[in-house]
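Participant: Residues per chain, in single letters:
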Amino acid sequence: MTEPEPVVELTGITKRFPGVVANSDVHLTVRAGEVHAVCGENGAGKSTLMKILYGMQQPDEGTISVGGRVVELRNPQDAIKAGIGMVHQHFMLADNLTVRENVLLGAEGRHGMGRKARAELTKLAERTGLHVDPDTLVENLGVADRQRVEIVKVLYRGARIVILDEPTAVLVPQEVDALFDTVREMRSDGYTFIFISHKLDEVRSIADEVTVIRRGTTVGTVDPATVTSRELAEMMVGSELPSPETRESTVTDRPVLRVSGLRLDADDSERAVLDDVSMTVRAGEILGIAGVEGNGQTELVETIMGMRKASAGTVELADAGGGLRDITRLGTLARREAGIGYIAEDRHRHGLLLRQPLWSNRILGYQTRKPVSNGRLIDPGAARRDTERVVEEYDVRTPGVEVLAGALSGGNQQKLVVGRELSGEPVLLIAAHPTRGVDVGAQALIWEQMRAARHDGLAVLLVSADLDELIGLSDTIRVMLRGRLVREADPATVTPTELGSAMTGAGEEAA
Amino acid sequence: MINWRTALLPPALAIIFAMLLSSVALLISGANPLEAFATMGAQLFHGNTAVSTVNLAIVYYLAGLAAAIGFQMNVFNIGVEGQYRFAAVVAAIVGAWMELPPVLHVIAILLVAMFSGALYALLPALLKVYRGVSEVITTIMLNSIVFGIVAFLINPEQFGVLHGNNLSTAEIAPSGRIPGIPLGEAGTLFGFIVIAGALGYGYWFMLTRTRFGFELKASGESKTAAAAGGVSAKKMTLAAMLLSGAVAGLVAMPELLGRDYVYAMTATQGYGFTGLAVALLGRNHPAGIAFGALLWAFLDRSAVSLESIGIPSEIATIMQGTIVLSVVVAYEIVRRADLAAEQRRVGRAGRNGQPAGVAEGGAV
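Keeping their order, the protein sequence lines are chains A and B.
Read in the UniProt record's numbering, the first sequence has 103 at position 103, and its numbers run on one by one without any break.
Read in the UniProt record's numbering, the second sequence has 209 at position 209, and its numbers run on one by one without any break.
In case anyone wonders, no lab produced these hints; they're calculated from the structure.
You may find that some hints are simply not true.
Unchecked claim - Partial chain B-side listing against chain A, Cβ under 8 Å, derived:
no. : residue
1   : E35
2   : R211
3   : E215
4   : A337
5   : L339
6   : R345
What the hints assert, rightly or not - Taking lysine-lysine and the BS3-like style, the derived pairs with C-alpha atoms no more than 30 Å apart in a straight line are:
no. : chain 1 : residue 1 : chain 2 : residue 2
7   : A       : K81       : B       : K235
8   : B       : K235      : A       : K309
9   : B       : K234      : B       : K223
10  : A       : K309      : B       : K223
11  : B       : K234      : A       : K370
Even glycine gets a Cβ: it sits at the ideal position worked out from N, Cα and C.
Pulled out of the complex, with its shape left as it was, chain A reads as follows (with noise of 0.2 Å):
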């Protein structure tokens, strides 16, 4: 099945942006028919090594060979040519405009517009699954028939070698299932596919080789046949790998936030995106949530934040005389003074106020609370005092705090605003993807940080999509799946694997 010789070369390939190594020596071969995995944890400089094999940024050093000629990419237009298309994460197609106009959409010149262009789609299209009439227009299309629209998208433009990034994290898994389906097909066809991911059991399942990228630089290639995902997560974080083994518990039998029957809505119909979920986290335990993402994680956070209003159910919180006060009328300010401190999944969209100074952003969240603000009006003295307290004591690496938030690396941004959430005297954190995007230096500053804080009775409940950070921090694991809590796990004894098939409902029946 897979040929011998390599479609793809990537030899030495260093980028480097302003005051940042973002890639260094890379070293990568895929070979013609292959589904080849390029594996890294958010950060590790995956996204940047698929940006320079697109044409998007040059390398600073380092070839590209491409059918075992070299060949200099300036453009995503010179990739095409190369034979290279890109599906990405987030997809790039016009809503208003039918699946076919998508298609042909700059890419009139290949088959013109009528006929033989018609013929053209409807054979990609049986090719990559796709079941929908070209004429539909594409906001009237689901996730999964979507990605696959950019699959024919790049294909009709003529690619033999497919970059697929992250192309799972939307997909619900069956979803992925007939995806991976799919890709096994057409590498029968003689397909090429580059495949990014962090998600382990997937890379083990579609993939004929793997590279793992750690640091900005490659570890090393394997046959995912051979290796155990353990052995491949060590590979993807080092040697900073969290040991999943028992430590002293905290957890006291004293709850901090009780959820009950909570339920959410979609927006436009009678789906539900939250489904009955009940939890309760107790003073001094971490409650993990494992799911792939887009099972429900945000809303969850989000509704229990008061983002958004939940349809059914209640959401309580312990007051300071240790009792619970019903929260679920109150809005998100009132929340945060309740004591809820927040670390949102997106830093950038929901955490930071990227264009105004370290300071201004200490007091976000923290308007009506001393020391920045007493109600009414703000101190921006104080303000700048305490955020100086808060870049020492967290090592946000900054040369003062009258930077703009945008100015910081990402690891630096979430230490800013982990030590901003941590400041308010919290009794509950809720941390979406803490480590998301962030180095390893800053990932064990923020680790270290939230155990002290549970260590002195904070409750945390923690969404992640990064099984190793769930298992090594929590103190119980719920699974939640399609909006609902499926099932518990014991972070000392489960396995990422297991973890991992229940998050994808084979594990379902079983618990």
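Here the structure of chain A is known, so what remains is to put chain B in place on it, guided by the hints.
Facilitator: Chain B alone, transformed into the frame defined by chain A:
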């Protein structure tokens, strides 16, 4: 802390660029640019031009503040124009009808004006918040409707009075007027300058010191981040629009209470649009807006003096236009340069000048 280079360099560059460009226009039309600029400068020292420039700048300043409040929340209140005219006609009618002791009368008129301005901004605000209708569209439409409302209200059959050929509202009694500051030969400065100054300070204080101002700025920069921080974008949009309308309501007050005492069909229009340009020039900063208002008023006034030496007065309009365009470009260039410089500075911090590896903060 203010970065002076970022604050002052762009407008300086913009003014120089605008002068160069209008020099070209002057040369093409056969005039001597140096003579033109000298005339524009010299006219300030003739008669009451300096004072009338400042008086006009007071009006522009109010319009600029009104626009700036909207800009802070990313609301593009083009309706300052309609709001101030609506407020002016309502305040003039109510002011003439009321009988109150001196200071109270003025305060009552100002409150009526602010309330009317806010009222005229309410509809676009509600439509934007609850139906997502662009405030740009709705306020433009309301701007053109206000013409009809003014004409209707100052019709003699309603509240108007006919003076010779001119229709206007009834005259406001002396108790409702704001006395000017007499400067002898140079003319009389609007007493409203004190209120405008206080308003500018209030605006600065609100933005930098109050929770409301912080929430407004936060929400204006990132609705999502502000929402996660407990700030409702809807509430902030509504507040920004109404506040902007309330300040817009004051735009015509210096002239109404300090000079005209009636609001006439022939009253000057277009202050609202100037306010947008002035706010842009001043980067929504109270001192910057004052500078922008003075510059704009100066250019407006100098246009007249250009005519006297046979140069088309449109040259002043060309300068106004190029200044606004180039100031926007200049701010953006300086902002990007500063951000890049800052990123490099951050990149160097704490690493002894070595570029960061991905392992230590360099992840992309």
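Participant: Hints first: check each against the structure and report whether it holds.
Facilitator: Hints and how they fare:
no.	hint	verdict
1	E35	violated, 44 Å
2	R211	holds, 5 Å
3	E215	holds, 6 Å
4	A337	violated, 13 Å
5	L339	holds, 6 Å
6	R345	holds, 5 Å
7	A:K81 - B:K235	violated, 51 Å
8	B:K235 - A:K309	holds, 17 Å
9	B:K234 - B:K223	holds, 9 Å
10	A:K309 - B:K223	holds, 17 Å
11	B:K234 - A:K370	holds, 26 Å
The structure does not agree with the numbered hints 1, 4 and 7 stated previously, though it agrees with the rest.
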